[in-house]
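Novice: Single-letter residue listing:
Number of protein chains: 2
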Amino acid sequence: MKEKGLLIVLSGPSGVGKGTVRKELFSDPRTTYEYSISMTTRLPREGEIDGIDYFFKSREDFETLISQDKLLEYAEYVGNYYGTPVDYVRETINDGRDVFLEIEVQGAKQIRDKFPEGLFIFLAPPSLSELQNRLVHRGTETDDIIADRVETARKELEMMNLYDYVVENDHVTLACERIHAIVLAEHLRRDRVEARYKKMLEVE
Amino acid sequence: MKEKGLLIVLSGPSGVGKGTVRKELFSDPRTTYEYSISMTTRLPREGEIDGIDYFFKSREDFETLISQDKLLEYAEYVGNYYGTPVDYVRETINDGRDVFLEIEVQGAKQIRDKFPEGLFIFLAPPSLSELQNRLVHRGTETDDIIADRVETARKELEMMNLYDYVVENDHVTLACERIHAIVLAEHLRRDRVEARYKKMLEVE
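For the record, the sequence lines run as chains A and B. The opening position of the first sequence corresponds to residue 1 in my numbering, with each subsequent residue numbered one higher. The opening position of the second sequence corresponds to residue 1 in my numbering, with each subsequent residue numbered one higher.
These are calculated hints, taken from the structure and not from any lab test. If you're wondering where the values come from, they're calculated on a predicted model, not measured in any experiment. Each hint should be verified, as a subset may be incorrect.
One copy or two, either will do: identical chains are not told apart, so a pair holds if it fits within one copy or between any two.
Said to hold, decoys possible - List of simulated lysine-lysine pairs, DSS-like, C-alpha gap at most 25 Å:
1) Lys109 / Lys198
2) Lys155 / Lys198
3) Lys57 / Lys23
4) Lys199 / Lys155
5) Lys23 / Lys199
6) Lys4 / Lys70
7) Lys70 / Lys57
8) Lys23 / Lys198
9) Lys70 / Lys114
10) Lys114 / Lys4
From just these sequences and the hints, can you work out the full model?
Specialist: In structure tokens form, the structure reads like this:
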């Protein structure tokens, strides 16, 4: 039996720049993980290509897949379904390759239940450092702005609860470096390496 | 209260190249952690400087420190004591900076007991990949050589048990990259980031 690949889930609040980070990651030749393309019932936007940006499906087809339990997670946003086809993810992981998903927080929550062994990365807006700056320069900020930032921080804090790592998206290049480091480190965890050793010694 | 720094412990079988990796790490400007200099009763070798390579102490002074519980770990090798002064480590960590130790496996074991929250990295000789090669090219190797490599792998497997990560020292540059990635990833663990957030929100 092969060593399984990692399921890497990148998520975070909407608008944080998940798509930009994902594109930057996959334009880097060091990136060895495979991108799991989402499925959606929304219409392609200009320049979007079926099978590259999304798998575009009819509402009827999507609902058939839901009923057949063929989606690792799915959700409806503004009248359209979005989801992750399960077969591709399972096959790739079982084949020893890492899979990368970029999804909304609701979807990440569903996956955590089904794949607790996944690697969950929360992409955070730079609000933590920003908040720190605002608190330090308190005199120059209105109380409303600070209260607003504190409220945002509180919401982010609640959201990040089910994740393993938090990566701040202050700069897309830095965010990608951090994600690379996390994936590399996870592959070096003793339990993984030890399992590989043990498998080899069993053969003897 | 400040966020504590990490205690990073690099260890591994003798002869694996711990010292070389440590020197390479500390010649890299990205390395922000501080090196905890060991203490020894052995005489300085040519070129070694007190306070840089080691703190050189008399046997009497060393035994006084042992009796005062001023050593995080210590051991005797070939008639000489080697140990880690505890004060420097505690002060640096409490000040929020990471400390890096490079020590023998016996010392790492003592530290794991006292500092279970430390980050323990096992530097492994490239015997795992080597063994794999040998098993693959079985026809071209004598049974004795293979049996010998299997025995070594078994011993390494036993040793790595108390470590969090395993870094293969196939190339010193690659080993350093892996260590950098591990330390970066550890700083991004959700529990650490979350604690930082919470502290800031408590201030409010």
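Novice: Please work out whether the CA atoms of Lys155 and Lys198 approach to 25 Å or closer within one copy, between two copies, in both situations, or in neither?
Specialist: Only across copies: Lys155 and Lys198 sit 12 Å apart there, 44 Å inside one copy, limit 25 Å.
Novice: With identical chains, the pair Lys70 and Lys114 could be close in the same copy or across copies; at 25 Å between alpha carbons, which is it: within, between, both, or neither?
Specialist: within (13 Å within a copy, 49 Å between copies)
Novice: Measure nothing new, just compare the shortest in-copy and cross-copy C-alpha distances for Lys114 and Lys4 to 25 Å and report within, between, both or neither.
Specialist: within (16 Å within a copy, 34 Å between copies)
Novice: When no copy is named, should Lys57 and Lys23 be tagged within, between, both, or neither for a Cα gap of at most 25 Å?
Specialist: Classified as within; 22 Å inside a copy, 56 Å across copies.
Novice: At 25 Å max between alpha carbons, let me know whether Lys4 reaches Lys70 within a copy, between copies, both or neither.
Specialist: Within one copy only: 20 Å inside, 45 Å across.
Novice: Measure nothing new, just compare the shortest in-copy and cross-copy C-alpha distances for Lys109 and Lys198 to 25 Å and report within, between, both or neither.
Specialist: For Lys109 and Lys198, the Cα distance is within 25 Å only across copies (22 Å; inside one copy 33 Å).
Novice: Tell me, please, which holds for Lys23 and Lys199 at an alpha-carbon limit of 25 Å: within, between, both or neither?
Specialist: Neither: 36 Å inside a copy, 34 Å across copies.
Novice: Measure nothing new, just compare the shortest in-copy and cross-copy C-alpha distances for Lys199 and Lys155 to 25 Å and report within, between, both or neither.
Specialist: Cα proximity of Lys199 and Lys155: across copies only (15 Å, versus 44 Å in one copy).
Novice: Between copies, within a copy, both or neither: which fits Lys70 and Lys57 at Cα up to 25 Å?
Specialist: For Lys70 and Lys57, only the intra-copy Cα distance (14 Å) is at most 25 Å; the inter-copy one is 68 Å.
Novice: If the cut is 25 Å between Cα atoms, do Lys23 and Lys198 qualify within a copy, between copies, both or neither?
Specialist: Answer is neither; intra-copy 37 Å and inter-copy 32 Å both fail.
Hints 5 and 8 from the earlier list are contradicted by this structure; the remaining hints agree with it.
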